[in-house]
Amino acid sequence: MSAQQTTDPAPGQIDRSAALECYRVMLTIRRTEEQLARSHQQGLIHGACHTYVGQEAIAAGVCAHLRPDDAVFSTHRGHGHALAKGMPPHELIAELFGRATGCSRGRGGSMHLFAPEIGMMGTSGIVGPCILQATGAGYSFQLLKTDRVGVAFFGDGAVNNGAFHEGLNLASICRLPVLFVCENNQYATEISFAYAAGNPQVGMRGSAYGMPGVTLDGNDVVAVYQAAGEAVARARAGGGPTLLECRTYRTRAHAEGMRDVGYRTQEEVERWKAQDPIARCRSYLLQKQAVAVDALEQIEADVQTTVTEAERFARNSPWPEAATACQHVYSEPAQPASH
Amino acid sequence: MSAQQTTDPAPGQIDRSAALECYRVMLTIRRTEEQLARSHQQGLIHGACHTYVGQEAIAAGVCAHLRPDDAVFSTHRGHGHALAKGMPPHELIAELFGRATGCSRGRGGSMHLFAPEIGMMGTSGIVGPCILQATGAGYSFQLLKTDRVGVAFFGDGAVNNGAFHEGLNLASICRLPVLFVCENNQYATEISFAYAAGNPQVGMRGSAYGMPGVTLDGNDVVAVYQAAGEAVARARAGGGPTLLECRTYRTRAHAEGMRDVGYRTQEEVERWKAQDPIARCRSYLLQKQAVAVDALEQIEADVQTTVTEAERFARNSPWPEAATACQHVYSEPAQPASH
Amino acid sequence: MREITLIEATREALAAAMARDKTIFVVGEGIGPRGGNFNTTTGLYDLYGPERLRDMPISERGFVGMCAGAAMTGSRPIVDFMFVDFILDAMGELINQAAKIQYMSSGRLKMPLILRGCIGIGHSAATHHSGSYFPHFVNIPGFRVVVPTTPYDAKGLFATALVSDDPVIFLEHKSILFHKGAVPEEEYTIPFGQARVARAGQHCTVVAVGAMVGKTLQACERLALAGIEVEVIDPRTLNPLDIQTVLASVHKTGRLLIVDETFQPCGIGAEIAAQVVEQGFDDLDAPVCRLNGAYAPTPYSPTLEAAVVPNVEEIVRAVETLMAA
Amino acid sequence: MREITLIEATREALAAAMARDKTIFVVGEGIGPRGGNFNTTTGLYDLYGPERLRDMPISERGFVGMCAGAAMTGSRPIVDFMFVDFILDAMGELINQAAKIQYMSSGRLKMPLILRGCIGIGHSAATHHSGSYFPHFVNIPGFRVVVPTTPYDAKGLFATALVSDDPVIFLEHKSILFHKGAVPEEEYTIPFGQARVARAGQHCTVVAVGAMVGKTLQACERLALAGIEVEVIDPRTLNPLDIQTVLASVHKTGRLLIVDETFQPCGIGAEIAAQVVEQGFDDLDAPVCRLNGAYAPTPYSPTLEAAVVPNVEEIVRAVETLMAA
Ligand SMILES: Cc1ncc(C[n+]2csc(CCOP(=O)(O)OP(=O)(O)O)c2C)c(N)n1
Ligand SMILES: Cc1ncc(C[n+]2csc(CCOP(=O)(O)OP(=O)(O)O)c2C)c(N)n1
Ligand SMILES: [Mg+2]
Ligand SMILES: [Mg+2]
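Residue numbers (this note's numbering), protein chains in the order written: chain A, 1 to 339; chain B, 1 to 339; chain C, 1 to 325; chain D, 1 to 325.
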């Protein structure tokens, strides 16, 4: 399972195979998250677990344009980005289970996903840094004269942080190949973005940094695919960074096991559930791309099998050895003094 | 010498007495800075010395609306703000001379001016913090149900800093009584703002935070006076913060004794010198306020006397006692353990 | 006496102070209606509203700097970081501003600012939610640094912080937040700079910090069975540091171990060791020893996490080794 | 051999590495055409242009985080802070990101990032331009911390930093930037973790850090007249810390003083003292002593500034006191 396209990822309308691949990616995210939620209830996940349910179109639509050597940096809510960038679900689930077979060898859990082999350069439990690090990847890629791009995924909560301001400005003045993908799900934990931001329009903030800013329906994978395609193409061509604000909603609690009342209405949640990105993509495939139902059902069955096996793999995986706990603090051990 | 107005500081056109007072303040700043430049050459100033020459209209025009219980926070280039807020020149000069009679008792020098008695709450050698601290003063003043205001003066260099982003947003969402006065002199040391900022329009950044933003001619004290008057009145009335971008220029080197070539043209410097805010204010007073030349000459003579005496005072002031070097690290000494 | 948790005890001190002093306000993410991620402010929003319990955007540097400005101008801000790890984005505002402004103004300005947050390793919180960082604040002049370990101490020390005019870093270890202990209903303060002897003993002194106090006390039970009577000292505040109590104990025992979950180099254990050597050298019958968490970022997996924190077994062994030295 | 200044020596190492390795770039404020506030990059912009000598807005957190990302993706960034005080706004990016990413990725990512800046008290730079902060970096696993004190060492240690895959904090004291010393024209490296014996002696060991090395050597001249022969050790790198060289010296002398301009609590002196006590207790004939700068923000006025930095006279007295102990 991978989001990489074999067809030309040039900007423009999504084609059928790309749309089908997006559907597969979104579904993989959804089923994996649902599995993780169950696993959390079962006590198999020892730390936090922030699901991406409801936001799948964004990771899928953006990563559809990325190659393994493009660099993605993300946040505490990063499962979807890792999967869309090509991480097999078993490496993600094993990581949350704290196993040696996890993408971070059990060192990270939900908030620290590393798979540099596929360009998943890391997620962070601290809000903000991914914006700067993606900018830095853009710096490398420009300096090294490649056409690779850096991508930062972050929430609305990061927009009020200095990292957003400094990172976007730096990318703009250096004209770096970077995508800043804000997943505006309207809340940072229980704080609404409308309360936290003097101006809750993120897309228009691009102009404060002299870069294009786009606001779009983050639950519409077709829209995300198109906007991201244009931004990636521009970045690869030396046209500099883009800010994408994807309006979306997380339909589960901020983290599994957390109270989820008092700060938003059930009505609001339901309204957004009706905009489910996977259901919308499914309709789109059936209606606009004339995909047959059984093709979709085949994908659905495949994905379910993958996830079920992934969970079993993770559950049966070994724990990391305690003796490894201090390895890799440094690239090389200090040279002993010669006496 | 003080910038405080006895007349009503309500928004609107400047009147003659206010304009005269601004002239006196601007001239006091200029003469003091010129004195400091000479003193620096004489070796009487031990550390850095960042002059405010060319930017006088801003401090004068803004502080004209402030009371002693309003709180000003500023930067490394803070001499003008201190003087405009009512600091007698001898306390400033003595501070740069490192004497016990200086406003900070010799602890601070050019970049660390403290005179809380008159609401000069401090300048900082680090770029950024003044923006946040002024916001905090606004928080106090709102919480304490006063009509006091907080004012931050900062350079264009601070605009690209996270403190600007976070501070303005916080002031906006809390609707705090704060003025953010950006003195856009177009350079941060030798780095031009046009290079450093993806979008070098500061005034329009207000909208990114949901607050009014105004761009104005910072060498025109009448314009500054009017815009600041409106902003202060709005803040006192509970209308929240304002961002003022004052376009200006520093005509001397970044700091005394520093090389001042290579990053800007002599032509550019001369063009701005022709826009000298003091000369413009003088013309305005003569032509639009029908002030007699000898009234201005009297002010000029008074100011020169004050500054000359201030320098002598500073030069004859005692050094701080070495024994005091560790006092006031804490408000109270730790209580000794009772054994 | 009734028993309440450590976090309830701190909240009680906060509630009492807020009722009395209208200049106190709290900022943080989720400290308003939500009552704080760790229930630090539960119920207070309903009493005091949004001006005094102000939810914040994710702008740690911003609101720390803001609170420094507020503290200079007549109010008493409390920054509630939830996890203290988030304080790192505000180090410039703290070290270069909050810590220095009283000094730079020659005492004409005060800085009654409380920075509070939960510290420590546990529950697979992983590397961005397991930090402590107190050595950094102890190193810098201007801060008070408080690490309570019992509900009684938490209430009394927080009450002191709430009337202090200095910036106070108040750090509660996550693993003891819900430990219960006897706490008087009435208000009281515990002065900064007075260590607590958590257990008396004559063979060996152990200074333990934060959650290590409890583990050390467990280790003492086992050591006592072997006839080793350990004196356990909980410094309670790391600045000021009550070295007199440590010296007095070492004078009696001749042996000192410092147990600290945080990183060893330039840590609080180094400081205590250095001071005891400087001032109590002749009392020492053996080298001063330190037992610290591993010098590595905190990993997530339970097997790895357990490997980087000192446990009861290791404390027992460290004391035994020290007794044999 | 020709003599050049410390800052020229470091620049020579930088220039040689940049000529060879096209992945190296430098960011900072004024490091482009201006050549650096302290001449750290003079002439390099003309050779390598704006991509490799990139002037930055005043966004310390931003460009440090950016460089961390660049270091993970194939380049070798150098952040030139000018004054290291400005690093404080980037502590989150350093402590929670740069220091941890090799570990968190199990070594699959590297972090070849150099953070350089000038440290130290002097010339009335005042409290925002006089900091050092190295204990904070020594405390945190993941960093290398280098404090050169001679031009020869500066060139060799910077050359090592330029090929290291770890984040290196490289700190040059402002007061010695223009000190001259013999430096070979050819390239060479000095491994991290090897202290330099700056002066041999048998009566007492002094570990001095940064600008204190020079002052201590001056003090030694005076002490030698009184028959006291001091061995002076310059650790050169504080992480890794070459404690073996210190222990070997203390084995010989039995006495140890650490002289460090920076704040005492949880400082490098505490760490050295603690390690020597742990590992060399039986060699000690007297308490380990520390001489530090005053525990106060750095004031501006020459009379006050002089009062907060250890001077030659105080070093002499500290050694005399130690010898009498
Ligand atoms: C610097 C920092 N401050 C606070 C937190 C605690 N925290 C974790 S997630 C979160 C909310 C993030 O909101 P947003 O960025 O909108 O992402 P979302 O959870 O909505 O996907 C907060 C405040 C943190 N991780 N980092
Ligand atoms: C955080 C920080 N980084 C760097 C510096 C060094 N520095 C001192 S003044 C200055 C330029 C400031 O430019 P600006 O804000 O435009 O003010 P101006 O000097 O033009 O008045 C710089 C980079 C600093 N003081 N603080
Ligand atoms: Mg959100
Ligand atoms: Mg400027």
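For the record, the hints were derived by calculation from the structure and aren't laboratory data.
In this text, all values refer to a predicted model and were calculated from it rather than measured experimentally.
Virtual Cβ for every residue (Gly too), placed ideally from N, Cα, C.
Check each hint, because a few of them may be wrong.
[Said to hold, decoys possible] With a cut-off of at most 20 Å between alpha-carbon atoms, the simulated EDC-like pairs for lysine to aspartate or glutamate come out as follows: (1) C:Lys22 / B:Asp147; (2) B:Lys145 / C:Asp21; (3) A:Lys145 / D:Glu51; (4) C:Lys110 / B:Glu117; (5) B:Lys145 / C:Glu51; (6) D:Lys110 / A:Glu117; (7) A:Lys145 / D:Asp285; (8) C:Lys110 / B:Glu230; (9) D:Lys110 / A:Glu256.
[As the list claims (entries may be wrong)] Covered stretches of chain A, as calculated for chain C (at least 3 residues, CB under 8 Å): (10) 240 to 248; (11) 280 to 289.
[Claimed, not checked] Not the full set, but computed from the structure, chain D residues with beta-carbon under 8 Å of chain A: (12) Glu51; (13) Ser59; (14) Gly62; (15) Gly74; (16) Gly107; (17) Lys110; (18) Asp166; (19) Thr303; (20) Ala307; (21) Asn311.
Enumerated hints in conflict with the structure, sorted upward: Result: hints 7, 8, 9, 10, 11, 19, 20, 21 break, sorted rising.
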